[in-house]
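**Student:** Work the whole structure out from these sequences, hints included.
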Amino acid sequence: MNDHVIQVENLVKYYDGRCVLDGIDFAVPRGCIYGLLGRNGAGKTTIIRILLGLEPPTRGRTTLLEADSASLPAKTRGRIGCVAEGHNLIQSYKVSRLIKLCKDLSPQWNDELFNHLIETFRLPADRRVRELSIGMRAQLNLSLAMAIDPELLVLDDPTLGLDTVARRQFLELAIDIIQQQGRTILFCSHILSDVERIADRIGILAAGKLVVDCPLEQLKERVRKLRVIFPDAAPANLYLTEIVNQQIQGREMVVTVANWNKQKQAILETFKPSSCTEIPMSLEDIFIECTRPIAEPLEIA
Amino acid sequence: MFALIKREIQDHLVYFIAAPVLSALLIIVTVEAVFSYDSRNPPVVAIGLGVALGAIVTFGICGMGAGQMYLDKTRRISAFLTMLPVSRNKILLARIAAGILAILILLVPLAVAAAFLVRISTPPIPLYSGMVLDISTTTFLLALACYCIGLQTGWNPSVLTPSLGSLGLTCIFVLLVVIKGFGPEINVILVLFIAASLYRTLHNFSFTSL
Numbered sequence: 253m254n255d256h257v258i259q260v261e262n263l264v265k266y267y268d269g270r271c272v273l274d275g276i277d278f279a280v281p282r283g284c285i286y287g288l289l290g291r292n293g294a295g296k297t298t299i300i301r302i303l304l305g306l307e308p309p310t311r312g313r314t315t316l317l318e319a320d321s322a323s324l325p326a327k328t329r330g331r332i333g334c335v336a337e338g339h340n341l342i343q344s345y346k347v348s349r350l351i352k353l354c355k356d357l358s359p360q361w362n363d364e365l366f367n368h369l370i371e372t373f374r375l376p377a378d379r380r381v382r383e384l385s386i387g388m389r390a391q392l393n394l395s396l397a398m399a400i401d402p403e404l405l406v407l408d409d410p411t412l413g414l415d416t417v418a419r420r421q422f423l424e425l426a427i428d429i430i431q432q433q434g435r436t437i438l439f440c441s442h443i444l445s446d447v448e449r450i451a452d453r454i455g456i457l458a459a460g461k462l463v464v465d466c467p468l469e470q471l472k473e474r475v476r477k478l479r480v481i482f483p484d485a486a487p488a489n490l491y492l493t494e495i496v497n498q499q500i501q502g503r504e505m506v507v508t509v510a511n512w513n514k515q516k517q518a519i520l521e522t523f524k525p526s527s528c529t530e531i532p533m534s535l536e537d538i539f540i541e542c543t544r545p546i547a548e549p550l551e552i553a
Numbered sequence: 005m006f007a008l009i010k011r012e013i014q015d016h017l018v019y020f021i022a023a024p025v026l027s028a029l030l031i032i033v034t035v036e037a038v039f040s041y042d043s044r045n046p047p048v049v050a051i052g053l054g055v056a057l058g059a060i061v062t063f064g065i066c067g068m069g070a071g072q073m074y075l076d077k078t079r080r081i082s083a084f085l086t087m088l089p090v091s092r093n094k095i096l097l098a099r100i101a102a103g104i105l106a107i108l109i110l111l112v113p114l115a116v117a118a119a120f121l122v123r124i125s126t127p128p129i130p131l132y133s134g135m136v137l138d139i140s141t142t143t144f145l146l147a148l149a150c151y152c153i154g155l156q157t158g159w160n161p162s163v164l165t166p167s168l169g170s171l172g173l174t175c176i177f178v179l180l181v182v183i184k185g186f187g188p189e190i191n192v193i194l195v196l197f198i199a200a201s202l203y204r205t206l207h208n209f210s211f212t213s214l
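As you go down the protein sequences, you meet chains A and B in turn.
Under this note's numbering, residue 553 is the last one in the first sequence; the count climbs by one each step, no gaps.
Under this note's numbering, residue 214 is the last one in the second sequence; the count climbs by one each step, no gaps.
Just to be clear, a hint being listed does not mean it is correct.
[Stated by the list, open to error] In silico EDC-like cross-links for lysine to aspartate or glutamate, where the CA-CA straight-line distance does not exceed 20 Å:
1) A:516 with A:473
2) B:94 with A:307
3) A:346 with B:15
4) A:477 with A:536
5) A:352 with B:15
6) B:94 with A:356
7) B:77 with A:307
8) A:461 with A:541
9) B:10 with A:356
10) B:94 with A:320
[Said to hold, decoys possible] Partial chain B-side listing against chain A, Cβ under 7 Å, derived:
11) 7
12) 11
13) 80
14) 81
15) 83
16) 84
17) 87
18) 88
19) 89
20) 90
21) 91
22) 213
23) 214
Derived from the structure by calculation, the hints contain no laboratory data.
No residue lacks a Cβ here, since even glycine has one placed at the ideal position from N, Cα and C.
**Tutor:** Here it is as structure tokens:
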């Protein structure tokens, strides 16, 4: 039995002749919380839409829970919970009607959990979905996604448009649920602190390619930002591979290098720098470095 | 499946209310035409009303198919439903089942009334055995063909050209029935059109972005 809940193989997508995804490969193991990051228009939502069978790929293959995304059987769909960007609920329905519809269509509906969530969020059942605030819609969407006891939870920018308190509340609840049930989660967000808080593996999309795909701790360990001061003018080229970013100002060079190791350190030391200090990097710093337009394509894996 | 059909009916309740109302009106007009028929002085008003109601029914059925698909597209209903344990095929099948149900609500009382009228009154024109069945079958197939035209029109990205096209196609089918009359030949043409149209709708619905 394959232990990968999500598999993406050589995924290519073109929109009107423009390449949005260019040969994406990644796999998400069971129980993993995978944070998929990228700038606006990087293709995160497109990957999720293809995975969920809402969009046909131009080339490549994607599977969810060992079923082909393009033809996901209803039974497999019943094992996947999804909170989509913008919360695509049926806006004209009353909350109670939407809940009833989801309940009728889901054989594995967990009434106890759903009622608990509805009470926690204090969602009004008699109002139409379009009359709810964005925060309430996000909470309703999460409640509906969780009520089917999903093995896989796909969260596409679920906290978009939420205020700080609602975002925190949403995340706390999501973390609670994740920890209790040990589900696999694919999580897309622009708010990197959220991803850093819950993800244990990270994928970064830039210019249609997956430039990073590794565990979060490994990513932090392997991408190094160094401030190097040389006795004379800083050399124009350090002859290091996988330089993510490099800035020179007189004797000082600030360089970000991927897959930092002893060999690279030895090469740097041949330039006899006066000092070399590491600048601590958060996930946000790494993300910014990796998605800069000038960055050379990297494969941190 | 029943939940999906129920959803379709609730979302398009106006058609399910209009169907028995139109059916009742058509029965009244038919009864009036039959009982007041006089070859020297035909009931022009009743016949005119019947033709007008027939046109409303034909374009109404076409509009129902278009409305179901158009609302789905604009409100992204299928995009939401496919997040639940439901396949696209099931969504479309439920939609078509609801459409057929509306057509039956409209036509079955008419067919029953026609059969009853043939029994109790002397028809103004000579009838052959099974004529009511022939008329009912062709009318049902014509209604279904119009509904299928609507389904395709509603899922189209543009609005004006497909709408005009569907209006034209509906008129062609009605004229075809008027010219060829009711019977197996026209039924075969209609069945072939319905099969091709449903296949195309299913293909478009299954493979486009939601």
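**Student:** Taking the hints in turn, state whether each one holds.
**Tutor:** Here is what the structure says about each hint:
| no. | hint | result |
| --- | --- | --- |
| 1 | A:516 with A:473 | holds (14 Å) |
| 2 | B:94 with A:307 | holds (18 Å) |
| 3 | A:346 with B:15 | holds (12 Å) |
| 4 | A:477 with A:536 | holds (13 Å) |
| 5 | A:352 with B:15 | holds (14 Å) |
| 6 | B:94 with A:356 | holds (14 Å) |
| 7 | B:77 with A:307 | holds (14 Å) |
| 8 | A:461 with A:541 | holds (15 Å) |
| 9 | B:10 with A:356 | holds (11 Å) |
| 10 | B:94 with A:320 | holds (18 Å) |
| 11 | 7 | holds (4 Å) |
| 12 | 11 | holds (6 Å) |
| 13 | 80 | holds (5 Å) |
| 14 | 81 | holds (6 Å) |
| 15 | 83 | holds (5 Å) |
| 16 | 84 | holds (5 Å) |
| 17 | 87 | holds (5 Å) |
| 18 | 88 | holds (5 Å) |
| 19 | 89 | holds (3 Å) |
| 20 | 90 | holds (6 Å) |
| 21 | 91 | holds (5 Å) |
| 22 | 213 | holds (5 Å) |
| 23 | 214 | holds (5 Å) |
Checked against the numbered hints above, the structure violates none of them.
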